[in-house]
Amino acid sequence: MRISSAERLADTNGSGSESKLDVGDLSDDDKDMSASDAEGVWSPDIEQSFQEALAIYPPCGRRKIILSDEGKMYGRNELIARYIKLRTGKTRTRKQVSSHIQVLARRKLREIQAKLKFWQPGLQPGTSQDVKPFTQSVYGVSGPGKAASGVSDIGLLSSQGQVHTSPPWEGRAIATQKLRLIEFSAFMEQQQDQESYHKHLFVHIGGTVNYNDPLLEAIDVRQIYDKFPEKKGGLKELYEKGPTNAFFLVKFWADLNSNIQDEAAAFYGVSSQYESNENMTIACSTKVCSFSKQVVEKVEKEYARFENGRFVYRIPRSPMCEYMINFIHKLKHLPEKYMMNSVLENFTILQVVTNYETQETLLCIAYVFEVSTSEHGAQHHIYRAKQNYQICQPRQLEEDFY
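Numbering (the UniProt record's numbering), first residue to last: 1 to 402.
Hints are computed from structural coordinates only; laboratory data are not their basis.
Just so it is clear, CB atoms sit at the ideal spot from N, CA and C, and this is done for glycine as well.
Accuracy of the hints is not assured; some may be wrong.
Said to hold, decoys possible - Computed spacing ranges between beta-carbons, pair by pair:
no., residue 1, residue 2, range
1, 242, 377, 17 to 27 Å
2, 263, 85, 32 to 42 Å
3, 326, 257, 11 to 21 Å
4, 85, 199, 24 to 34 Å
5, 47, 330, 18 to 28 Å
Claimed, not checked - Okay, derived cross-link-like pairs now, EDC-like style, lysine to aspartate or glutamate, Cα gap no bigger than 16 Å in a straight line:
no., residue 1, residue 2
6, 90, 47
7, 330, 255
8, 231, 189
9, 199, 189
10, 337, 375
11, 108, 336
12, 386, 189
13, 232, 297
14, 199, 262
15, 241, 255
16, 236, 220
17, 330, 220
18, 301, 357
19, 236, 226
20, 178, 357
21, 95, 78
22, 332, 262
23, 90, 78
24, 293, 226
25, 199, 255
26, 386, 237
27, 90, 45
28, 85, 52
29, 386, 220
30, 332, 278
31, 293, 230
With the hints as extra help, turn the sequences into a complete structure.
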């Protein structure tokens, strides 16, 4: 699902949205909270009622809640203030409630981020492990059942009958003249018996691209250099090496709302597919980065299969690594989506596909993440990564967390 242009673009450096919490300002917030506590604003009885109200009234965004016995409409903070008044007889304003929520959330967020920074003792940044990260990506390119069209092909027709001299995926998908990313899915599935099968897609992109689809927007690649390692093999070095038309940025809104009950016993996997007009052996390096440092890496080698006039590379049902499974579990247990997004601001993935024999870069894809708030599941937006280009801010879904 394409994000509408009316919605704001997310600043993946964490500076674009006023509603985002600045974890770096915690000391001032703690001082404010201590001062308030000293004045008895949040005495134990008020705090108890406040916590009860948080459990009773879940986040509702900008929507109002109608109380059936009164017929009046209230925002969440108004309901919490009202509950405190009824339980303790003490008045707290909507703004006081909002401020208290944010102070507690920031304090909790600092603790969570400290725990999430590195979970595996002894695993140093830059260590290469044979593990499978959470996400790679594709945008819809020609479907698995269709033959790939070479750049030299002529007579390609659009739905309006217009003649094109290049295939539809050129400029509209994660693709170059030498390699195209056809399909990707990161998923969790559970099969208890032959009649009971459940599958949840964290991220899935695929489908057909046609000439009516818009060309990809561009972003200045320099704006995301600091999201990835600066040493050898980092995004900056790769881009300077080129070819520059092989670089892309993908913004994912991942769907974490699964309906699988026993997630611990489920299978976590990743499937992907590539397509080319040339017979090559490819090597796919996928690096998971935390706070711009490489945490884990997997390098996969894949041979081509000739099918219906093109060469296909499939990596099906590759087991997800323990690091990523733990990451997903901990992320899902955070109480608020803005906390998840704050953690994801410091989580990126860099995928590089090369020709195994020549070491030529075929595709380089940088991934940034947020949590999907849509009932339609996972979403994405793709950009071409270029240098000396007008800066484009990555898109963000607007959400009022309070």
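task: Would you list, in rising numerical order, the hints stated earlier that this structure does not obey?
output: 1, 4, 8, 12, 15, 17 and 30
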